[in-house]
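K.L.:
Dock chains A, C and D against chain L, hints included.
Protein chains: 4
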Amino acid sequence: MYTLSANQYGKAEIHLVRIYRDSPRHEIRDLTVTTSLRGDFEDAYTTGDQSKVLPTDTQKNTAFAFAKTHGEGAVEDYALALGRHFVDNDEFAREATIEVLVDGWDRVVVGGAEHEHTWVRRGPERRTVRVDAVGTGDDQRLEVTGGVTDLVILKSTGSEFHGFHKDEYTTLGETDDRILATSIDAAWRFGTFPADWDAAFDAARAALVGTFATWHSLALQQTLWQIGQAVLDAVPELAEVKLAAPNKHHFLYDFSRFTVEPPIPNDNEVFHADDRPYGLIEATVTRS
Amino acid sequence: MYTLSANQYGKAEIHLVRIYRDSPRHEIRDLTVTTSLRGDFEDAYTTGDQSKVLPTDTQKNTAFAFAKTHGEGAVEDYALALGRHFVDNDEFAREATIEVLVDGWDRVVVGGAEHEHTWVRRGPERRTVRVDAVGTGDDQRLEVTGGVTDLVILKSTGSEFHGFHKDEYTTLGETDDRILATSIDAAWRFGTFPADWDAAFDAARAALVGTFATWHSLALQQTLWQIGQAVLDAVPELAEVKLAAPNKHHFLYDFSRFTVEPPIPNDNEVFHADDRPYGLIEATVTRS
Amino acid sequence: MYTLSANQYGKAEIHLVRIYRDSPRHEIRDLTVTTSLRGDFEDAYTTGDQSKVLPTDTQKNTAFAFAKTHGEGAVEDYALALGRHFVDNDEFAREATIEVLVDGWDRVVVGGAEHEHTWVRRGPERRTVRVDAVGTGDDQRLEVTGGVTDLVILKSTGSEFHGFHKDEYTTLGETDDRILATSIDAAWRFGTFPADWDAAFDAARAALVGTFATWHSLALQQTLWQIGQAVLDAVPELAEVKLAAPNKHHFLYDFSRFTVEPPIPNDNEVFHADDRPYGLIEATVTRS
Amino acid sequence: MYTLSANQYGKAEIHLVRIYRDSPRHEIRDLTVTTSLRGDFEDAYTTGDQSKVLPTDTQKNTAFAFAKTHGEGAVEDYALALGRHFVDNDEFAREATIEVLVDGWDRVVVGGAEHEHTWVRRGPERRTVRVDAVGTGDDQRLEVTGGVTDLVILKSTGSEFHGFHKDEYTTLGETDDRILATSIDAAWRFGTFPADWDAAFDAARAALVGTFATWHSLALQQTLWQIGQAVLDAVPELAEVKLAAPNKHHFLYDFSRFTVEPPIPNDNEVFHADDRPYGLIEATVTRS
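Residue numbers (the numbering used here), protein chains in the order written: chain L, 1 to 288; chain A, 1 to 288; chain C, 1 to 288; chain D, 1 to 288.
Take these hints with a grain of salt, some might be off.
Put simply, identical chains are the same to the list, so a pair is met inside one copy or across any two.
Stated by the list, open to error - When the alpha-carbon atoms are kept at most 30 Å apart in a straight line, the in silico DSS-like pairs for lysine-lysine are as follows:
no. : residue 1 : residue 2
1   : Lys166    : Lys248
2   : Lys166    : Lys242
3   : Lys166    : Lys68
By construction, these hints were calculated from the structure, which means they are not laboratory data. As the structure is a computational prediction, the values presented were derived from the model and not from experiment.
The shape of chain L in the complex, shown without the other chains (with noise of 0.2 Å):
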């Protein structure tokens, strides 16, 4: 006997760009949008009866048009929209998720002036936005998870790592004057709604880019601990922030191995940036 157990579908990464023009200085918006529905939709597997779910065709139709029709407000705004409409409107779906990477774009300078309808891409961090909407009325629970994503950053000092535990396949060197590189996927979970959505995004990628810089690192999961608590401090609204950040080596590059005349100083100034395998650091810090 088997069992359908987890079970759901919806559309993925559907790209689409919001133009607001209501007057000559235009804004850009920039969403990749990706909905799940969970719900009454065992009988599409079962039986291949479809006649409870709504296509994943009619679900970007709805992403689309939520953009022009509720793009009013922040991200979070839109997302919730969203993601209610299909739990309030559609009788078979129980849960909706909506998930959302902003692009970021920077209007262009010209002649010492802003211009009114031209941008460059910025990148490649993105905002990230994630809601959960389960169930309906009174009962209804509405889950806002903010985040960045391929936040890249480095720091050219101020990071130690030394006296780690050793075994006999341990051949890697003390340090303690390192690059410390990363790219950090963060998501912070709402425990309740703030006033302004742009404004606890901003307090919450400041506290944690400042953070990286400013704290003196004797590790990265210390620096990631020390970033968690920062964003919550920053953002009282915030319940728990995870983190995950790769460890982008960067190995100084050995110039005694050359018979160059002179000699090339190791002074710590020319590193190798590799690719893979890189450490992988994951933390959640919760209020408790």
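P.N.:
Coordinates of chains A, C and D only, in the frame set by chain L:
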């Protein structure tokens, strides 16, 4: 007050190649290994004390060493040995996860004969192995999950999609003959260990591919349910199969818009293979 | 004074799938097509007048249409028809280039028999076709270039590298037994057209792969020279072969640094497959 | 008879990071370097004799060493020094090409002040430098080409496309107000060397971006022609500008198909950002 909740660390994407040179007919194994440890590592976060932290560099060294010292059996045997090594020998690690992606290589055929030491890469499909090792001694729990990722598969008929739920945003037409294409990620968890890991893999993969091909599909959901059951049927040691399948849309190209003479028939032969967005269907099938 | 020199325009990466449904045993062809036109298009640049510019959207439509109307022969025949269409029928286009990447699909085997309408993707290797069509009528010149891209190939012995030039920055050790791995991009230009495009491709590819396997290599350079000659030998209609081959380094992992007992032998079996940087060797071999 | 015609070899994608630690306010330079040598290297191909071949590993070592010993000036100075090194010091190399991709990093701002040793990655845009060094002594020719790659730029109005050539496959509608988005690859070749490489880069990039923003576009072709002229105007030392620009299509989403009340206006605000295919427009503008 803040709490460090879930946390782990390890080395990701260790790309190692093992050659077996015992006879002139060499063998090759191409693995991308990720290790993660969980245990008594809070101090590394909260005080920066690394005395319990086995460096990720050491984990990498160990993964390479075990490719030599524990590389004779199946990939699952290698991953089990590596996972057990960490929990058995590192007094601070209580849990270890080893994830392996296996790249396939096909032996080159020259003049009708298989070459002894040359291969071409086969992809994009990759076999996957995951081992979770928890605890030591009699209480140790070892869990093995096999699978495939990026198994891109397409059928040119034998797939319908109609009778679905509609709302005011629905524009999709119904069809009783479409291309069904996906890139399957499957992860099958073993309840007990099979006598032959490779035979189990082959049986599970054959069930997956065969069911996709032969099941007349009323929806990708239904196909996944059938695949899940077939895989469990094929390998009695399996407890559960998780499936995630993007619906890689192939849109019939509409020639009726052209004024070319004679008109080109829209006879279900020429399709635009679109990248994004895509439907994403997920299901877990469990042996009860 | 400024001049508009080289210029062209077209549609890139048109991903089309053609199914052949003439019998229950379907066939599939998966093409990614790029078109480029050169001709009397200066006004589009200098004055913005588009009256001579066939939109890239039209080029795309034509690529799809020709997949139906000119899809019966080899991919080369399709590309020739498409390229000739633009120079023969568009009075402003004097030259057209059609580039095609062909994704491979392997028919699924179920119960020992090939399935009639289901395939799995074979990669990463792709066959390539390029057609250059210049002029019309008797002066028309049609050039066809075949090839492969991303043919990842590895031999575990039969490769040396020593006796090289050294300077004060040289640290590389010499070796008489190393892994040789690369990802070959080859483009072979036809001087005359063969009777059977597919047979010519098969012969060229077999010569390439067979030579890589069987030639005892003193350097990747030498292997490329041998491959170029072998391909020209195999297909008499070819005038020239261009080869580009990254040296995908596999570094022997040094176990002598570990203190584990018994020591692990460094016996040329376990390698780190590095991503970047890589050597890049390029050569063109021409029939004189 | 076969001839070895064009051939070269080198090291690709050497990813090096140089930190300048002369004061507490560090500086960072992040380079991905590719070297290629051409010269007296035929024996390496035809006989396997490597005695004239400076290993690509040595080229890599040299690229790292020069980041320290020749890293004080602009990236162009570094690339010139590296290119000249090979042709001046390696008796068998007659030509060297050095290609550099420069990743941007923005200094982190903490509490309103720029941090001294922490940066976040800025992308996807990258500055490019290419040096071709040919020959030695008085006959030596040094050519420098600057540029940008992956400069993703979008304007939400000020772009039309109409009056184009039509044939029996044309279905595209005309528009007098569309989104124009592209990812510009530009390469500008210097006829003479400027006093300040960085100032020249800034002027060229500003001309490119400013022209894209302010020129009312009748086609991407016309915009490229205007950009080419503006860049040549801005930097008198430039001889030529090569531009390649994909037309990253943003399709207006058609809300008229929905039955939602009230109807959603199709007012040029919500677009589907499509991945493939894309128009690809290329032009070279030369100072006469």
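K.L.:
Does each hint hold? Answer for all of them.
P.N.:
Comparing the hints with the structure gives:
| no. | hint | verdict |
| --- | --- | --- |
| 1 | Lys166 <-> Lys248 | within (21 Å within a copy, 32 Å between copies) |
| 2 | Lys166 <-> Lys242 | within (28 Å within a copy, 38 Å between copies) |
| 3 | Lys166 <-> Lys68 | between (58 Å within a copy, 21 Å between copies) |
The structure agrees with every numbered hint stated previously.
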